[in-house]
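J.: The residues making up each chain are set out below.
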Amino acid sequence: MSAAAIPATTTVPAPTAKHERTPLRSWQQALKLTRYQLRDYLFSRRFILMMSIVAIIGAILTAVVGYYRPAAFLSGSDAFYSTLWGSGVTVVIVFAGVIFGGDAIAGEFQNRTGYFLMGQPIRRATVYVGKYIAAFVAALTAVVLFALVLLANGSYYFGAGAFTANFGASFVLAVVYLLALLGATFLFSSLFKTSTYATLVVAVLFLFGFMILQALIQGLAHTTPWYILTYADSIIGGVFNASCASAPGTHTCTQPGPGGEITQTVTNATIPEGVGIMIAYFVITAILGLLSFEREEFS
Amino acid sequence: MTAPSIVLTSLTKRFGSFTALDRLDLKLEGGKCVGFLGPNGAGKTTALKLLTDMIFPTEGECFLNGISVQRERMRALEAAGVLIESPEVYPSLSPTQALEMVADLRGMSRTEREERIPAVLAEVKMSEWAHVKVGKFSKGMKQRINIAAALVHDPEIVVLDEPATGLDPRGMSEVRSIVRDLKKHDRLIFMSSHILAEVTDVCDEVALINHGKLLFYDTLENVTAKFSAGHSSVDASFARPVPERTVADRLAAESDLLKVEQLDPRRYRLQFKGGPAVQARLLRKLSDEALELVSFTESKSALEEVYLSQIEKGD
Ligand SMILES: Nc1ncnc2c1ncn2[C@@H]1O[C@H](COP(=O)(O)OP(=O)(O)OP(=O)(O)O)[C@@H](O)[C@H]1O
Ligand SMILES: [Mg+2]
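Residue numbers (this note's numbering), protein chains in the order written: chain A, 1 to 299; chain B, 1 to 315.
It is possible that some hints are incorrect.
[Said to hold, decoys possible] The calculated lysine-lysine pairs, modelled on BS3-like cross-linking and capped at a C-alpha distance of 25 Å, are:
1) B:Lys259 with B:Lys273
2) A:Lys193 with B:Lys142
3) B:Lys183 with B:Lys125
4) A:Lys193 with B:Lys139
5) A:Lys193 with B:Lys136
6) B:Lys125 with B:Lys139
7) B:Lys184 with B:Lys32
8) B:Lys32 with B:Lys226
If you are wondering where the hints come from, they were derived from the structure by calculation, not from laboratory data.
Just chain A, same shape as in the assembly (with noise of 0.2 Å):
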């Protein structure tokens, strides 16, 4: 092309009709953002890691249960989901929740895409609870594939009742702790501004953090530190009643032992203290995150 092609001045065409515009609500705002948010998550490469830890998980369970056939989860489908899922789908929130939620907040500070979005009519806290849903959709679909090969599992053993009315019930009670893990997660990421401090400490928290510091308090004090999320989250395995020291609730379970049988008081949340606990900490995180990042500037 020769130089002469090119032309040296542009000129837009005004915008011929004055449009009528309706200023958004906030809370359609937040929908809209939600929805450019999650393209940006589901084309992602931490959509792609994150579906992968699943299916290592997933695909890790599959093989250890199919090869060692152990009786004990066999015996029935709450003994099955209740230690598979219910200690599967717990790591798989923590690393959803630190993989979509770890450097939310933050991450808008150090990626700058902030500043794209805080030049435009919106307040802060539309885009804390917008990217919010987000991340929560993104890790939902996380849950979901790993509750799916689960549930594949459990009718290869179980047959065609493999969904049951518990599985139903913690599947619920897994969701609910999403959303309090997750509340969490947005309230570190914007207390910092760099992802990677962000990231790291949900991850070190939640990961080994809060279970040092349950089993700390509670072997030290001997009390049970019901304000850990960590405490709360035994109901989603709990809910299948599948054995004593699992079940909700505070009792004596006797257990075989060196020198014949033990007998402990086990002191697991009950399924109201649980979902309670973990519906404050959604409601406090998201106060205390919004009130945060809306003091938050973009210097």
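Given chain A's structure and the hints, the job is docking chain B with the ligands onto it.
T.: Chain B with the ligands in isolation, oriented as in the chain A frame:
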């Protein structure tokens, strides 16, 4: 439609004990382009971020079309298109999707979106890339998308922080033509820049700040008339090296000549006081066949001289 306006009242921003912006008062009104000048760290970006509620003022307030940015961010920013500090688009979105997001958040109808998005992408010469993910774009390509995003909703007020950052020479000239075009449509443009030629070219008025304080705000003509009464300088280039002595001898009788500085063996900078008459006399004295003068031009623009003298005075 009333004239678009930007008002900053007693705008102050402190970072800890450091005052980045000190009681800045500024009132811009009408369809025009106002250049926002000042050295690095003067507080330009700080002021523009306050104006768009990215950061919060220690004191003072900003208004866009009379609506307080601090109290009603949503309503105030409706009228504005903003580009501050080279933001990033979500990397997995294409330019079209990114602009759709902006248009969507701003409540533009489908028909308006379909009309405006291709138009602004054409304006920033990115039509070819309309459906490619932004993630791998070069800095200048991203900046073009940012400019498009600031304009897609055809805002009445346009706030640009160094819009030419990262652009190639053609991109810079395109920005100028975009700004000129906006002015034709009665838009108010408030634009920070370090490129004085760009400011001289497209701005009607300039505001200069240093150390967070406003030094002046006036029309371009007033500013250059008021402040450039002092000395000027011209650069003379010769076809081949000329000894310093020769030049000095030629101009020995010139009492208005303040300084002769050799830039390289073929080029000299002459500083003098007085206007065009003196400049013409200097030109005559150097332009004979023996010296082979090939060019004789003002070494700095009027605005540059004002800028430098005012900044120096404050330091
Ligand atoms: N978040 C912050 N914390 C501390 N100081 C800051 C912060 N942001 C800006 N500053 C300081 O405020 C001053 C003004 O910065 P600003 O970015 O507004 O300058 P500028 O005029 O835009 O400069 P440039 O031409 O280099 O872009 C600088 O001294 C800078 O160090
Ligand atoms: Mg700046």
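J.: Next step is simple, just say for each hint if it's right about the structure.
T.: Against the structure, the hints:
1. B:Lys259 with B:Lys273: Within the cut-off at roughly 10 Å; holds.
2. A:Lys193 with B:Lys142: holds (23 Å)
3. B:Lys183 with B:Lys125: Holds - the C-alpha atoms of lysine 125 of chain B and lysine 183 of chain B are around 20 Å apart, at most 25 Å.
4. A:Lys193 with B:Lys139: Distance ~23 Å between lysine 193 of chain A and lysine 139 of chain B Cα, so the pair holds.
5. A:Lys193 with B:Lys136: Holds - the C-alpha atoms of lysine 136 of chain B and lysine 193 of chain A are around 24 Å apart, at most 25 Å.
6. B:Lys125 with B:Lys139: Satisfied, since the Cα-Cα distance of roughly 14 Å is no more than 25 Å.
7. B:Lys184 with B:Lys32: holds (8 Å)
8. B:Lys32 with B:Lys226: Distance of about 21 Å is within 25 Å: holds.
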